[in-house]
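As they're listed, the protein sequences go chains A and G.
Just so you know, we're using this note's numbering here: the first sequence kicks off at 16 and counts up by one.
Just so you know, we're using this note's numbering here: the second sequence kicks off at 16 and counts up by one.
Note that these hints are calculated values from the structure, not bench results.
All values reported here derive from a predicted model rather than from experimental measurement.
Each residue gets a CB set at the ideal place from its N, CA and C atoms; glycine is no exception.
Take the hints with a grain of salt, since some may be wrong.
[To be verified] No more than 25 Å apart at the CA atoms, straight line, and that leaves these computed lysine-lysine pairs for PhoX-like: (1) A/K118 - A/K160; (2) A/K345 - A/K37; (3) A/K90 - G/K33; (4) G/K33 - A/K27; (5) A/K37 - A/K18; (6) A/K160 - A/K187.
[Stated by the list, open to error] Partial chain A-side listing against chain G, Cβ under 7 Å, derived: (7) G50; (8) W74; (9) S75; (10) G76; (11) V91; (12) N94; (13) N95; (14) A97.
[Unchecked claim] Derived CB-CB ranges, DEER-like: (15) A/T104 - G/G42: 36 to 46 Å; (16) G/I32 - A/K128: 33 to 43 Å; (17) G/E41 - A/N40: 49 to 59 Å; (18) G/E55 - A/P183: 40 to 50 Å; (19) A/D99 - G/G34: 39 to 49 Å; (20) A/E285 - G/A68: 37 to 47 Å; (21) A/D62 - G/I32: 25 to 35 Å; (22) G/D91 - A/T263: 56 to 66 Å; (23) G/A68 - A/N268: 41 to 51 Å; (24) G/I32 - A/N40: 35 to 45 Å; (25) A/G110 - G/A68: 17 to 27 Å; (26) A/T88 - G/A43: 32 to 42 Å.
So the chains spell out like this:
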Amino acid sequence: MSKVRVLVGTRKGAFILTSDGKRENWQVSGPHFAGWEIYHMKGSPADPNRIYASQSSSWSGQVMQRSDDGGATWKVVGNNFAYDGVPGTHQWYDGTPHPWEFKRAWHIEPSLKNPDLVYAGVEDAAIFRSTDGGQNWQEMPGLRKHGSGPHWQPGAGGMCLHTIILDPSDEKRMYIAISAAGAFRTDDGGETWKPINRGLRSQFIPDPDAEVGHCVHHIAMHPGRPGVLFMQKHWDVMRSDNAGDQWTEVSGNLPTDFGFVIDVHAHEPETIYVVPIKSDSEHYPLDGQLRVYRSRTGGNEWEPLTKGLPQSNCFVNVLRDAMSVDSLDKCGIYFGTTGGQVYMSPDAGDSWTPIVRDLPAVLSVEVQTLA
Amino acid sequence: MIVRVQLPTHLRTLAQIKGEVEVTIEGAATQRSVLNALEEAYPMLRGTIRDQATQQRRAFMRLFACERDLSHESPDAPLPAEVATGAEPLLVIGAIAGG
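The following block holds chain A by itself, in its conformation from the complex (with noise of 0.2 Å):
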């Protein structure tokens, strides 16, 4: 019978949860690392127990950890993330040269096909790749080099690579995002890099339509229809149907088109969520209520999904990365609250259920569908 395991990244710790295919009995596991912050886990899909765990703290810097039997067991890797050559520098909040300074890796992408080849987007933004299951990490400078990297700025939660999408019809492609510089694509396995940003508009940017600059909080892709892209913006939710080349605007008829998350169901490409959240400044759901809306049409009308949520006194945060799927039949949508819950849809988000609700402020969901 097939299984489910639920990596939860938190401020404090990780947490693992697991459940037979029923989804109804979880198990929780953790604190793993406790006290840290858990930016990211992500597994393998060549090896479900191949996990990797990035780790930080500001105190104490990055550690990147890797579990080889299924987060029973960790051993630190490496965790030397040096820039390729001079780093030089970006612009900081107030416009001013700032020097290129790591500070975390926000995402893991494991290869699709290699569990031994591994992706981390970090802060300070860039992309590394490690060809020795995280021991040893390399920049692929071609991204800052594109030329617009002393252009790219923070947003408010710093200068960070947090999005890596692989293309599973070809190798050469991905994707990235990066806020507030916005969103690249490399076609020759990341030599080189191009913005995919026409058709997003950012009024807090002096030339809203610009190249670069714009503050892309996620982007999800359905596995098999890799040209089709959907983004979260700093405001607004968007589709592009050719692999980013043009962007449109799906926001419809949501009730605020602020938010962080955006996640696409397994076996339905055209069927997407996403948690509006109240605006830039009130990181919180409309009116104290907690709902996700799905679109069954690849976004324009949108349904909010109430069952199970609290509908008064909420104002949790859902964070960019913590919101994921899994691929049994009814698909399950899970996703972390920055107040510490967990939820669980086990009918494609018709109904909802906390796994567990009193976790540090929940800062990254992954789901691995296991046999």
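Put chain G on the given structure of chain A with help from the hints.
For chain G alone, coordinates are given in the frame of chain A:
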């Protein structure tokens, strides 16, 4: 010579250490030589006390010994004789800064 080092709780957990650690130093006992020896013995601590790229002490990490704050002394300055002889430990202290 053997130098004693006390680490904050999280770093002891990370390095799977209980209590003090002892590191063997060749040549002069300085902040740099002691931290180099510590990282050699416990590679998982690389980057946690000093930034890996710049080798700068992390802002929330301080180095104390013999009731003195050594944090702002040169990393190549000799440590107090009491530390070099093992009579007193070098204390790596995480700043009291909440969080």
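Here's how the hints hold up against the structure:
For a cut-off of 25 Å, the pair hint linking A/K118 to A/K160 stands: about 20 Å separates their Cα positions. Restraint check for A/K345 and A/K37: satisfied, since their Cα atoms lie roughly 10 Å apart, inside the 25 Å limit. Simply put, A/K90 and G/K33 have alpha-carbon atoms about 17 Å apart, close enough for the 25 Å limit, and the pair holds. This hinted pair checks out: G/K33 and A/K27 have alpha carbons roughly 21 Å apart, not beyond 25 Å.
A threshold of 25 Å between alpha carbons decides the hint, and for A/K37 with A/K18 the separation of about 8 Å falls inside it, so the pair holds. Distance hint between A/K160 and A/K187 is fulfilled; the C-alpha atoms sit about 18 Å from each other, no more than 25 Å. The beta carbon of A/G50 comes within 6 Å of a beta carbon in chain G, closer than 7 Å, and the hint placing it at the interface holds. The interface hint given for A/W74 holds, since its Cβ lies 4 Å from the closest Cβ of chain G, which is under the 7 Å cut-off.
Evaluation of the A/S75 hint against chain G yields a held restraint, the C-beta minimum of about 4 Å falling below 7 Å. Hint on A/G76 holds. Least Cβ distance to chain G is approximately 5 Å, under the 7 Å limit. The restraint placing A/V91 at the interface with chain G holds, with a minimum CB-CB distance near 4 Å, inside the 7 Å limit. Proximity of A/N94 to chain G holds as hinted, the smallest CB-CB distance being about 5 Å (cut-off 7 Å).
Here the hint on A/N95 is kept, as its CB sits about 5 Å from the closest CB of chain G, short of 7 Å. A distance limit of 7 Å between C-beta atoms decides the matter here; for A/A97 the minimum to chain G is near 5 Å, and the interface restraint holds. A beta carbon spacing of about 37 Å between A/T104 and G/G42 agrees with the range 36 to 46 Å that was offered as a hint. For G/I32 and A/K128, the Cβ-Cβ distance of about 38 Å falls inside the hinted range of 33 to 43 Å, so the restraint holds.
Between G/E41 and A/N40, the C-beta spacing of about 57 Å keeps the proposed range 49 to 59 Å intact. Distance hint check for G/E55 and A/P183: the Cβ-Cβ separation is about 42 Å, which falls inside the suggested range of 40 to 50 Å. In this structure the hint that A/D99 and G/G34 lie 39 to 49 Å apart at CB holds, the actual value being about 40 Å. For A/E285 and G/A68, the Cβ-Cβ distance of about 45 Å falls inside the hinted range of 37 to 47 Å, so the restraint holds.
Range check, A/D62 to G/I32: about 30 Å between beta-carbon atoms, so the 25 to 35 Å window is met. Our hint of 56 to 66 Å for G/D91 and A/T263 holds, since their Cβ atoms are close to 59 Å apart. A beta carbon spacing of about 48 Å between G/A68 and A/N268 agrees with the range 41 to 51 Å that was offered as a hint. At roughly 38 Å, the beta-carbon separation of G/I32 and A/N40 lies within the given 35 to 45 Å, and the hint holds.
Hint check: A/G110 to G/A68, Cβ distance near 25 Å, so the stated range 17 to 27 Å holds. The hinted range of 32 to 42 Å is satisfied by A/T88 and G/A43, whose Cβ atoms lie roughly 39 Å apart.
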